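Undergrad: Chains U and C, in that order, give the protein sequences.
End of the first sequence sits at 253 in my numbering; the numbers just go up one at a time, nothing left out.
End of the second sequence sits at 637 in my numbering; the numbers just go up one at a time, nothing left out.
Hints in this document: simulated from the structure, not taken from any laboratory.
Quick caveat, the model's predicted, so the values are computed rather than measured.
For glycine and all other residues, C-beta sits at the position ideal for the given N, C-alpha and C.
Fair warning: there could be bad hints in the mix.
Using C-beta positions, here's what the derived DEER-type ranges look like [what the hints assert, rightly or not]:
#1 16(U) x 601(C): 24 to 32 Å
#2 392(C) x 83(U): 22 to 30 Å
#3 537(C) x 94(U): 38 to 46 Å
#4 392(C) x 107(U): 40 to 48 Å
#5 391(C) x 226(U): 38 to 46 Å
#6 226(U) x 462(C): 53 to 61 Å
#7 351(C) x 212(U): 24 to 32 Å
#8 21(U) x 339(C): 50 to 58 Å
#9 217(U) x 390(C): 37 to 45 Å
#10 519(C) x 142(U): 49 to 57 Å
#11 488(C) x 27(U): 32 to 40 Å
#12 27(U) x 215(C): 35 to 43 Å
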Amino acid sequence: MSDHMRITLRFWRQKGPDDKGHFETHRVDDVSPHQSFLEMLDQLNDALLKEGKEPLAFDSDCREGICGTCGFVINGQAHGPLRGVTVCQLHMRNFRDGDVITVEPWRARPFPVVKDLIVDKRAFDQILMAGGYISVKTGSAPDANAIPISRKDAEEAFDAAACIGCGACVAACKNASAMLFVSAKVAHLAYLPQGRPERKRRALRMMIAHEMLGFGNCTNESECEAACPKEISVKNISLLNREFTRAALTQTA
Amino acid sequence: MELDARIPDGPIEKKWDNRRFEEKLVNPANKRKYTVIVVGTGLAGASASATLGELGYNVKAFTLLDSPRRSHSIAAQGGINAAKNYANDGDSIYRLFYDTVKGGDFRAREANVYRLAQVSNEIIDQCVAQGVPFAREYGGLLDNRSFGGAQVSRTFYARGQTGQQLLIGAYGALLRQAAAGTVKIHPRTEMLDLVVVDGVARGIVTRNLITGKIEVHTGDAVVLATGGYARVYYLSTNAMGCNVTASWRAHLRGAFFANPCFVQIHPTCIPVGAHRQSKLTLMSESLRNDGRVWVPVKPGDKRPANDIPEEERDYYLERRYPSFGNLVPRDVASRAAKAVCDEGRGVGATGQAVYLDFRDAIQRLGKAAISAKYGNLFDMYELITGENPYEVPMRIFPALHYTMGGLWVDYNLMSNLPGLFVLGEANFSDHGANRLGASALMQGLADGYFVLPYTIGNWLAGRKPGEVGPDHAACRDAAKGVEERIGKLLTLRGEKSIDDIHRELGHVLWEYCGMARNEEGLKKALAEIPKIREEFWNNSTVLGQAADLNQTLEYAGRVADFIDLAELMVTDALHRRESCGGHFREESQTEEHEALRDDENFCYVAAWEWKGEGEAPELHKEPLTFEYVKPTMRSYK
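For reference, chain U alone in the conformation it holds in the complex:
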């Protein structure tokens, strides 16, 4: 593999939520296959800046796939071609010299574009604010080993808790549904005995918030699971449906 790849980037430019937006093209020379995709964008920005052009705005923070800040669509795929990774973990060795790569933001109504590739994902905080936690006051907890939890339940809870809230599930869904996100949180807490007292209220309130914020419904196409960098399973959505139905039949929010 060449150590000096040349990549042509077609990237989205949009001044703000009300701007129509457009694509711009720029070539980046001297890309190393060991560079990450975001480091390639850093290089693009350095070049743009030195040409007197404003750099491309994109979000990133930890750059190790755990904070959920980064994320955009690469050649039509949320987080790009590799499964189970975020954009920041995607390295240029997964592309070829001479490739033309299209980069655009998550496109979903509840995630308005802030600028270029940056979208506003605060709707996720609002969904969780509706009940995505266990109500426990600081200092009032019993001894940590007071309630044994089977290893299986703890592992299932963990698998769901691995969600990083990046929004790829919404971007990948033609309905802009956030059901995978909601289900991951509901499942994480439903598997644990500590989460059970509030489980009905949680499922109801979070689903109401999901709808109010403008996310669409799930039509079981599993695109979300394919795009999820943490490989959260759609079986959580079945669990959410059960939790929601049980709650809706027996309790008011």
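Given the coordinates of chain U, assemble chain C onto it according to the supplied hints.
TA: Leaving out everything else, chain C in the frame of chain U:
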């Protein structure tokens, strides 16, 4: 100025009780009248905001990220310590205290560390109740593992994502209070100055990172939980957004900066691979439980690792430190790696790496067991390097990871500026000159859940709420100063990018104020940094507008502060003519090249006061006394 740490009276195990009893309380009905500003929403900030909100205070929480859940606490992998002694292997609060004081190479305050060990158990209880999915045994009880610098298993963990899971817990608690209306969260909002009126911290000046709007927020106390400054080195394991600006701005307003040269270089990071690398990735220290560190015996041995026979491998940590072996503390492991690389025995293309080999553990326990423990770390390694660590040893090298130094605080976590509290990595207090693994999460949550919520009451009780409002002249002046500085940054039009300059700064610090330091190098750095500052202000470029999302502008402001901080770090490193913990002065070492402390002359906290631009900072010393853990030569042999 006399620095009073306000350590409570009494025997060490009674100090925290005594303090909690002697402190004034705020009447429950009056709490809502007090506004507390909390900057930062990582473990320390989120846990503090949530707990203060629960108590009834009116809390304003600020983060420069789009959501509190993204704070860099999330990246902590390995675990969190507590003195539960669930493993029944001889642990106790006293032992955790002892290990932490010794691990910090006798440069931390005993009373603070003891309190940290005391509240450690409550943290685990709290987190489990919040639904943090810690690792469990088949019987359903919590599992523990061991970490560097300890001979007991006291580390609780959640696969390789302990930080993320703890933060999700604290973030949930924070959102619960946001829903209840006691906490107002301000995302994508950066603190750019501290408002001080008559020597008391009264508020902050912020910039809305989307609209560029400058605002002043006032309160009855200001809490900084803004993390560490490792990114001053450019390459570090810290996130792109980590910066020193909030702390530095408070420093310029009078808060003392303590032990800035105490930084932690983590031994197990993935080595630099690409010329434009933006950051480094940590491989959890927990890997040293099963991985064996080695380099070839012969310098310049370029054979692939698996072709090097057993007798030509030097397991140098096991050889030099037989009792702790691969689990020596981080500073010791990092220096040992540097030493073998300096001898020409480093591996990989650059020769700046050592092997971390799982061959024996895989043979002993099976691939499945290793995968269950470290699977996500192995996957991450393969993603970044393109190599499979089940088949070839990992290559690792030390990298900047954590900063023990930070703003000076007293026992109550209040800085020398009354009304300004500092929590977590942003303060200097608990880790001395070296932090032990799995202690950062513990300290962040201890400060936020269990220390500040008590001590802040003593400050607020009896004070008149809302004495200073945003219309106060000091607020207007501070806001004007921030606007002027932004205006100045936006006029910069030179040949270099801010990134170029940050990289140069990082290079100088890594070279002269990194794993090993000496007088000549530090003096050289002190000569270089002003030139970098000159380049920044005369030859860098910042484009775009003030009233817009402008990432170059944000970055420029942070790098300008990093340059000034770097100068203070080097000044501190130069003045401390001893080796201790992560601060290794080549002039002060034993015959076996171990760090040699000078307790007679340097057993103190160095707290620096800003004296103005172009002026030398003034050193204030807080003497450290050790009544319980007698300072000895730290030995892990």
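Undergrad: List, from low to high, the hint numbers that the structure doesn't satisfy.
TA: 1, 5 and 7
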